[in-house]
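Visitor: For reference, the chains in residue letters:
2 protein chains.
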Amino acid sequence: MTQPSVPKGTRDFSPEEMGKRNYIFSTIRQVFISFGYKPIETPAMENLSTLLGKYGEEGDRLLFRILNSGDFLLAAEKEKLLHADSAGLSPFICEKGLRYDLTVPFARYVVMHRNDITFPFKRFQIQPVWRADRPQKGRYREFFQCDADVIGSNSLLNDVELIQLIDSVFSRLGICCKVKINNRKILTGIAEIIGAENKITDLTVAIDKLEKTGIEKVTGELREKGFAEPVIEKLIPIINLTGSTYEKLDLMNKLMNSSETGMAGIAETREIFDYLKTLPIVAQTEFDIALARGLNYYTGAIIEVKATDVEIGSICGGGRYDNLTGIFGLPGISGTGVSFGADRIYDVMMQLKLFPDGVTSAAKILFINFGDAEVKYLLPLIHQIRQAGINVELYPDSAKIKKQMSYADVNHIPYVALVGETEMTEKMITIKDMCSGEQKKLTIDEIIYHYNKVLPTGIPPEI
Amino acid sequence: MTQPSVPKGTRDFSPEEMGKRNYIFSTIRQVFISFGYKPIETPAMENLSTLLGKYGEEGDRLLFRILNSGDFLLAAEKEKLLHADSAGLSPFICEKGLRYDLTVPFARYVVMHRNDITFPFKRFQIQPVWRADRPQKGRYREFFQCDADVIGSNSLLNDVELIQLIDSVFSRLGICCKVKINNRKILTGIAEIIGAENKITDLTVAIDKLEKTGIEKVTGELREKGFAEPVIEKLIPIINLTGSTYEKLDLMNKLMNSSETGMAGIAETREIFDYLKTLPIVAQTEFDIALARGLNYYTGAIIEVKATDVEIGSICGGGRYDNLTGIFGLPGISGTGVSFGADRIYDVMMQLKLFPDGVTSAAKILFINFGDAEVKYLLPLIHQIRQAGINVELYPDSAKIKKQMSYADVNHIPYVALVGETEMTEKMITIKDMCSGEQKKLTIDEIIYHYNKVLPTGIPPEI
Numbered sequence: 001m002t003q004p005s006v007p008k009g010t011r012d013f014s015p016e017e018m019g020k021r022n023y024i025f026s027t028i029r030q031v032f033i034s035f036g037y038k039p040i041e042t043p044a045m046e047n048l049s050t051l052l053g054k055y056g057e058e059g060d061r062l063l064f065r066i067l068n069s070g071d072f073l074l075a076a077e078k079e080k081l082l083h084a085d086s087a088g089l090s091p092f093i094c095e096k097g098l099r100y101d102l103t104v105p106f107a108r109y110v111v112m113h114r115n116d117i118t119f120p121f122k123r124f125q126i127q128p129v130w131r132a133d134r135p136q137k138g139r140y141r142e143f144f145q146c147d148a149d150v151i152g153s154n155s156l157l158n159d160v161e162l163i164q165l166i167d168s169v170f171s172r173l174g175i176c177c178k179v180k181i182n183n184r185k186i187l188t189g190i191a192e193i194i195g196a197e198n199k200i201t202d203l204t205v206a207i208d209k210l211e212k213t214g215i216e217k218v219t220g221e222l223r224e225k226g227f228a229e230p231v232i233e234k235l236i237p238i239i240n241l242t243g244s245t246y247e248k249l250d251l252m253n254k255l256m257n258s259s260e261t262g263m264a265g266i267a268e269t270r271e272i273f274d275y276l277k278t279l280p281i282v283a284q285t286e287f288d289i290a291l292a293r294g295l296n297y298y299t300g301a302i303i304e305v306k307a308t309d310v311e312i313g314s315i316c317g318g319g320r321y322d323n324l325t326g327i328f329g330l331p332g333i334s335g336t337g338v339s340f341g342a343d344r345i346y347d348v349m350m351q352l353k354l355f356p357d358g359v360t361s362a363a364k365i366l367f368i369n370f371g372d373a374e375v376k377y378l379l380p381l382i383h384q385i386r387q388a389g390i391n392v393e394l395y396p397d398s399a400k401i402k403k404q405m406s407y408a409d410v411n412h413i414p415y416v417a418l419v420g421e422t423e424m425t426e427k428m429i430t431i432k433d434m435c436s437g438e439q440k441k442l443t444i445d446e447i448i449y450h451y452n453k454v455l456p457t458g459i460p461p462e463i
Numbered sequence: 001m002t003q004p005s006v007p008k009g010t011r012d013f014s015p016e017e018m019g020k021r022n023y024i025f026s027t028i029r030q031v032f033i034s035f036g037y038k039p040i041e042t043p044a045m046e047n048l049s050t051l052l053g054k055y056g057e058e059g060d061r062l063l064f065r066i067l068n069s070g071d072f073l074l075a076a077e078k079e080k081l082l083h084a085d086s087a088g089l090s091p092f093i094c095e096k097g098l099r100y101d102l103t104v105p106f107a108r109y110v111v112m113h114r115n116d117i118t119f120p121f122k123r124f125q126i127q128p129v130w131r132a133d134r135p136q137k138g139r140y141r142e143f144f145q146c147d148a149d150v151i152g153s154n155s156l157l158n159d160v161e162l163i164q165l166i167d168s169v170f171s172r173l174g175i176c177c178k179v180k181i182n183n184r185k186i187l188t189g190i191a192e193i194i195g196a197e198n199k200i201t202d203l204t205v206a207i208d209k210l211e212k213t214g215i216e217k218v219t220g221e222l223r224e225k226g227f228a229e230p231v232i233e234k235l236i237p238i239i240n241l242t243g244s245t246y247e248k249l250d251l252m253n254k255l256m257n258s259s260e261t262g263m264a265g266i267a268e269t270r271e272i273f274d275y276l277k278t279l280p281i282v283a284q285t286e287f288d289i290a291l292a293r294g295l296n297y298y299t300g301a302i303i304e305v306k307a308t309d310v311e312i313g314s315i316c317g318g319g320r321y322d323n324l325t326g327i328f329g330l331p332g333i334s335g336t337g338v339s340f341g342a343d344r345i346y347d348v349m350m351q352l353k354l355f356p357d358g359v360t361s362a363a364k365i366l367f368i369n370f371g372d373a374e375v376k377y378l379l380p381l382i383h384q385i386r387q388a389g390i391n392v393e394l395y396p397d398s399a400k401i402k403k404q405m406s407y408a409d410v411n412h413i414p415y416v417a418l419v420g421e422t423e424m425t426e427k428m429i430t431i432k433d434m435c436s437g438e439q440k441k442l443t444i445d446e447i448i449y450h451y452n453k454v455l456p457t458g459i460p461p462e463i
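Chains as they are written, first to last, in our numbering: chain A, 1 to 463; chain B, 1 to 463.
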């Protein structure tokens, strides 16, 4: 028999990994809730009509499609079958696909439930998404997104709040980071002043790579895409801007004065930084003109977060979109949101050894099993201790003590309880500290009093 | 544009529903952890080779299959395409399927990770599963299972512990229930003593329906399946047994004396009840000879839970299986487990109005937005209050007070904070109780002191 396996790009999570992952999820969730965001969940499967055309051509290709149930070929066009035309056949045999991100399902949710929603609507959503990407280090086909969005309010305060929220999450997790901020209107303004209004997508795709590849590669790509030399000449000083955020904003303001949209973007960005100044933000924040995030649906602020102490892609990103629900027939609702990449955050925390001890759930006390008489005596006592809020295990077999002790060890159970004939007569319980080896005899009330302690501070309750 | 929708049999969960669902999940999770069970998670997608043949013919039919990526028809047999042979084509175009339950993925997990696991291994798993069943009231195509299993120990104490665990979950949730207990060996014994050893599946399928349809229908079904009249005659007094659990066990013991397996089943069941007697179990427990749960993989104890105050199917069930990992090439590992059906439990709690107030997450205080100057003054104060552990929202727009108040109302935010010019001068915050309408002026320290209260007792922290 062949060894069973999981599909490539997917993973099992062991108790150890679950403890660490839940620490991240709990922290993010607690911060979301502390800002008044409310949880929703959407189904793993969406109708393909909801998903297709929302993520560009590549996205459509990377959707996992679900085969229709039953005699799925009944509806298939014979022509497509005869020519083994995969792309042509697919719409006939698949109606559903797996969720590709949390933003499009959220837009669908808002449109479907608009009569039950009070705007502004602040929602968060922590769920897996699936993409048929080529698996590689740090990139999976099933991974978790943690999104917070406010929809139905134009106020820049929402964008400011999201930056505050990002700062709270990463400072609680102990990750030092830099938050880059840009504005889609500034990118549009740049396109306008250099005379490349019609090529804004090519322009943003190219300058988005500035940090990664350098100015030479960026201009090279622009030349390939047919940008004229004078246009590129005009662009270079703009994307080469240096200085503090306010210095850059002042310079851009002068350069932008022929673009109304560009000026509006500068004003918005300045206002966001003015608000941020009033707040004790831990992270570095920076206006970065080269930040584009390649996503066409952003219309205002664009936000991206990088860990400063680890070489890794962005660990959080987002921005404002003015017309997301428009794709489902509900125009004019503005929203802004961020998405945390739990898997990358996990990798950062592993590399920097940021997980505190004790995030893995384990019982506090293991009762050693000495046989039937002792067990019958112990069962109600164990019940009582557990009811008092202490997590307790009884070893199920009367195996050798050494084996039972080693079970406690491997499972990080800090105390072992021994109750043999003596203890039964004395109505006492011998407790052994697995770390120090120290033993003491306690009554059940003493155990409940001494071991019913909450978890060490800073560790959110197991979820 | 057509109104967007979700695939049939799937659901969105609103913040209100999420609060209630998380209350159930948190309760179950906390109880699992209190017994020393550890969380794992497995991917939504499994290889079809892992899933097929594990759930019977019907199960295979109800699996959601995922279309291979890329030119999926390349590998298809031309013959199957020409004849539009859906069943024949499917293995060529789909390699993966969605998880159908949590038990088979767990068995796969144990086999794959056996070198990293210390036995006995107590795991829990709370994840959605998918079945292409015909959707109907209370039955969904995506639903959540909450499983706890111990694997690698034969001890009946594990079965006893699972019944304790069931009792803890339902008494914490406030659901009165009856736990029915049987043993697969007793069913085998019955088949032996009535001379129907070869028809044990037909026999158990039939008597499983006893409670639902009555003895007439059961014997009718047996006749249809070719059971001879003398066999049925012998069965009737057995399945008609009445009396207390111990009376029924005593009677069965006499009837069973020609079946070694049957006697072993009786002994095991008696031992389980003997252990239960030492414990303060809240639920009714009952030996029920007609309980079979139709699942062929059970080999020992069989457990099923019904809510006593609501007409609904079972809300939890499980049992012992001696060879689950055998299907993946690792024989000889015995396990026992239970599965809670979160969706049915939700329905029961809704019908009986068992959800406590306050399970929906909401901010504690909404700060009214009076405009830019007030907001700039407030932002650092709000930050300070939030850092102190109080969930606070600032209304993002300086909308009409009435609109902002109604936002607090709809979102169940109990307090509203008003800071205008007067308060800014006095360095005070006016707090309005949305329930009583009462208003008072407080300093920020007073707010932190008074409103930083934990949730009402009994409500687990939001997950």
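In case anyone wonders, no lab produced these hints; they're calculated from the structure. Hints should not be assumed to be uniformly reliable.
The list treats identical chains as one, so a pair stands whether inside a single copy or across any two.
[Said to hold, decoys possible] Within a straight-line C-alpha distance of at most 27 Å, the following computed DSSO-like cross-link-like pairs (lysine-lysine) qualify:
id	residue 1	residue 2
1	K234	K254
2	K212	K137
3	K427	K277
4	K427	K217
Visitor: Give a verdict on every hint.
Guide: Status of each hint after checking the structure:
1. In the homo-oligomer, the alpha carbons of K234 and K254 lie at most 27 Å apart inside one protomer (14 Å), although the nearest pairing across protomers, at 98 Å, exceeds that limit.
2. With identical chains, the CA atoms of K212 and K137 are at most 27 Å apart within one copy only, with a shortest distance of 18 Å there and 54 Å across copies.
3. When the C-alpha separation of K427 and K277 is checked against a cutoff of 27 Å, the pair qualifies only between copies, where the shortest distance is 21 Å, while the shortest distance within a copy is 63 Å.
4. In this assembly of identical chains, K427 and K217 lie within 27 Å of each other by CA distance neither inside one copy nor across copies; the values are 78 Å within and 55 Å between.
Against the hints set out earlier in the document, a violation occurs for number 4 only.
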